[in-house]
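Colleague: Per our numbering, the sequence shown runs over residues 4 to 768.
Treat the hints as calculated values from the structure; they're not laboratory data. All C-beta atoms in this analysis are idealised placements derived from N, C-alpha and C, irrespective of residue type, glycine included. Be aware that one or more of the hints could be misleading.
For lysine to any residue, the following SDA-like pairs were computed, each having C-alpha atoms within a straight-line distance of at most 25 Å [what the hints assert, rightly or not]:
id, residue 1, residue 2
1, K542, A494
2, K100, T81
3, K542, A567
4, K542, G530
5, K569, S558
6, K569, N618
7, K100, P254
Between beta-carbon pairs, the in silico distance windows are [stated by the list, open to error]:
id, residue 1, residue 2, range
8, R220, H316, 53 to 63 Å
9, A501, S571, 51 to 61 Å
10, L6, S335, 45 to 55 Å
11, E329, A501, 22 to 32 Å
12, S335, L39, 23 to 33 Å
13, D145, Q201, 40 to 50 Å
14, H441, G381, 27 to 37 Å
15, C465, F709, 48 to 58 Å
16, I249, M229, 16 to 26 Å
17, T730, Q426, 51 to 61 Å
18, G381, A697, 23 to 33 Å
19, P226, W9, 45 to 55 Å
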Amino acid sequence: MPLATWVHDFRGLLAHTSRDLGTAAGHYMQSYEAALESGQLRGAITAAINIGDCFASLNDNESALEWMQCALDLARPTGWPRSIGACQTHAADTMRKLGRLATAEELLRDALHILAPVAGARTYANALFHLGELSLDKGDYDTALDAFSRLAQRAEALGQADFRSMAQRGSAHALSYLDRPEEALQAAERACQLATAQGDAMHQVAALRVLAMLHARHELPPPPGMLERNPALHFLHQALQVAASIDGYVPPGELFDALAREYAHAGDYARAYDIALDAGMAREKSHTQQASNRATAMQVYHQTEHARSEGYHHRELAASEARRAEVLQQTSDTLERLSAIGQEITTHLDASAVFQVLDRHVHALLPVNTFAVYMLDGPGTALRRAHGMEAGRPLPDNAIPLSNPRAYSVRCLLGRREVYIAQVPPRRHAYTVPGTLHNQSVLYVPLMVGERVLGVMTVQACQANAYGERERLIFRTLCAYGAIALDNASAYRQLQDAQAQLVSQEKLAALGSLMAGVAHELNTPIGNSLLIASTMQQKTEDVERLMNGPGLRRSDLAAYIEDAGKASALVMRGLHSAADLVNSFKQVAVDRTTEQRRQFDLQQVSNEIIATVMNRIRSSGHRIEMEVDFGIAMDSYPGPFGQVITNLINNALLHAFDPGGNDGSASTGCMRLCATADAARVQIVFEDNGGGIAEQYLSRIFDPFFTTKLGQGGSGLGLSISYNIVTALLGGTIQVASSGAGTRFTLDLPRVAPRLDAADPASIY
């Protein structure tokens with residue numbers, strides 16, 4: 004667009020040079036429009052001046068004056084002296100042609116004053132020329148001579164030949180009427196010489212006419228080589244010849260009138276009559292040309308108006324499209340933002356967090372004074388305010404019975420539709436909840452998931468008509484996201500409750516298994532001790548009976564003492580074994596219930612863990628081997644570690660060793676626990692020789708509640724809890740590999756477990 008300004012300006016200049024003024028005006032108008040659209044103010048001012056000049060040349064002075072005024076209106080706010088001075092100069096010349104000489108002089112004086120700081124510019128010289136021309140028209144020859152003299156000085160300084168010729172010609176005219184014919188003749192001859200040297204035919208014609216006027220008014224020496232009857236005729240014929248050489252130029256009737264007067268003055272009335280006829284024909288041509296020019300000007304004007312109207316229409320269309328595009332962009336941006344908000348809202352699984360996110364975004368997107376969320380209570384008889392903010396302050400709890408016919412929230416819930424009141428009636432203020440503000444606009448939208456309605460969300464504003472279609476669309480979308488998020492939060496809460504219940508059951512089952520193991524392991528040594536004690540009791544009664552009766556022989560006493568020694572040794576061994584088992588069970592129980600961090604020996608803890616489940620292993624007909632070296636010291640959590648190993652053993656007993664024969668008997672399985680360690684880490688491997696894990700289940704075995712033995716003793720939580728303990732509490736990793744030959748679990752643990760943040764405890768269950 005910036006380049007188009009100067010392209011059209013150049014085309015206008017070419018057309019103006021070739022005297023195609025209508026085409027020139029059209030190009031200048033295109034240049035003007037392009038300059039305005041591209042912000043080229045100086046280019047627009049220049050184009051407007053050129054358009055006015057074209058209309059002036061087409062004798063449409065009214066249109067010329069309109070464009071000059073347009074240029075002046077553009078130039079004045081800028082304070083640019085050249086632009087303002089040029090506009091005033093051209094406007095003054097148009098006023099002069101319209102005969103409004105006083106106005107023209109005022110404009111020219113003002114232009115010269117404005118151009119004084121740039122007196123060296125061509126614009127200033129042009130203003131001097133027009134002042135001289137105006138002064139000649141007014142008959143103020145002293146002012147005219149002064150203006151042309153100053154113009155001559157500026158022309159010399161600028162080196163402008165056209166201004167030199169114009170200054171000399173104007174000075175000659177003024178000097179003639181000031182009765183200084185000799186000086187006038189010299190000035191006119193210089194003007195003619197300058198125009199001839201420059202090849203400017205128009206200025207040459209003007210200079211020759213001034214020479215003819217001088218000789219007609221004054222007695223001056225005739226020019227050399229004169230062939231006519233007097234010098235005036237000589238110069239007038241020369242002017243006519245030069246005018247005839249100008250393409251498309253019609254000599255003015257005034258030139259023929261001057262010739263006719265001179266012939267009549269010379270007594271050649273016939274020739275004067277013929278010239279007078281030529282003058283009439285010239286005027287007729289001139290009038291025809293003027294009419295054509297006016298028609299051209301009118302055509303240009305109508306074309307311009309049509310172009311302006313069409314341009315305005317196109318601009319309006321463009322503006323409309325721009326507004327539509329802006330609305331679409333705003334809609335797109337809003338939808339994109341709402342999508343991001345929806346993702347943020349639905350990621351939260353806590354109702355209070357959902358309320359906070361909704362509150363923040365509602366206040367960011369809508370005019371809000373009050374924001375509240377009402378949820379349907381358990382019995383379904385009332386709406387209870389779950390969240391509410393008004394003017395930055397939390398609202399107190401509130402319950403609205405569904406039997407309340409006046410409540411907008413109840414109407415919204417029961418009708419399952421949006422309720423919007425653009426202007427709350429004053430009578431409704433009587434039902435406002437005490438302690439809250441009287442809002443003018445209220446909007447209620449139900450929170451629905453499918454066919455289920457969860458509650459109602461509302462926004463309210465102090466001003467009336469606060470929520471248009473766009474605002475209501477935004478709020479409906481937020482309500483939809485909020486309903487989904489709140490439903491997810493409720494489902495997640497129920498899931499957490501169910502999970503907590505299952506975890507509790509899992510813990511109770513583990514405790515039952517532990518107690519069963521304790522009972523079985525203690526039953527053997529205690530039972531043996533009880534049997535020996537009862538035997539010794541019987542033998543003691545026999546010895547007492549012999550001692551009190553027939554007599555106790557030495558051999559009987561020796562046998563009794565020998566049996567008592569053996570029995571006491573067996574009892575002590577059994578009781579020591581029971582005591583060791585009790586101590587192991589106590590340590591495991593303490594570790595599992597307290598989850599305390601302490602230093603321990605891996606071999607010792609592993610033995611204690613296996614001892615607690617040995618009864619189940621034996622009763623299942625399987626066996627377990629352990630290869631853990633003594634002296635692997637760890638600073639970690641023995642209780643959770645023991646739970647992991649116990650879960651792995653129970654998982655193998657439940658899943659790895661299925662009954663093998665048609666009779667339902669189970670093949671004997673073997674489990675193996677081994678450990679290797681370096682300075683910083685320990686690698687623990689638990690493996691079995693069972694049937695392995697199916698390929699489709701291998702990636703899911705650590706998922707919570709995933710089990711292939713649902714209803715057969717599997718809860719789906721054991722391996723999930725083990726995974727959480729290893730990764731979140733023990734600071735290690737757990738991997739599984741399986742084939743038809745068995746399954747291997749590999750635990751890679753640091754010997755020193757990471758320190759936990761008390762403010763952010765590890766989530767195990």
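Colleague: None of the hints should be skipped; say for each whether it holds.
Modeller: A quick look at each hint next to the structure:
no., hint, in the structure
1, K542 x A494, "70 Å, violated"
2, K100 x T81, "28 Å, violated"
3, K542 x A567, "9 Å, holds"
4, K542 x G530, "18 Å, holds"
5, K569 x S558, "17 Å, holds"
6, K569 x N618, "28 Å, violated"
7, K100 x P254, "19 Å, holds"
8, R220 x H316: 53 to 63 Å, "60 Å, holds"
9, A501 x S571: 51 to 61 Å, "56 Å, holds"
10, L6 x S335: 45 to 55 Å, "34 Å, violated"
11, E329 x A501: 22 to 32 Å, "51 Å, violated"
12, S335 x L39: 23 to 33 Å, "32 Å, holds"
13, D145 x Q201: 40 to 50 Å, "29 Å, violated"
14, H441 x G381: 27 to 37 Å, "32 Å, holds"
15, C465 x F709: 48 to 58 Å, "55 Å, holds"
16, I249 x M229: 16 to 26 Å, "24 Å, holds"
17, T730 x Q426: 51 to 61 Å, "59 Å, holds"
18, G381 x A697: 23 to 33 Å, "44 Å, violated"
19, P226 x W9: 45 to 55 Å, "47 Å, holds"
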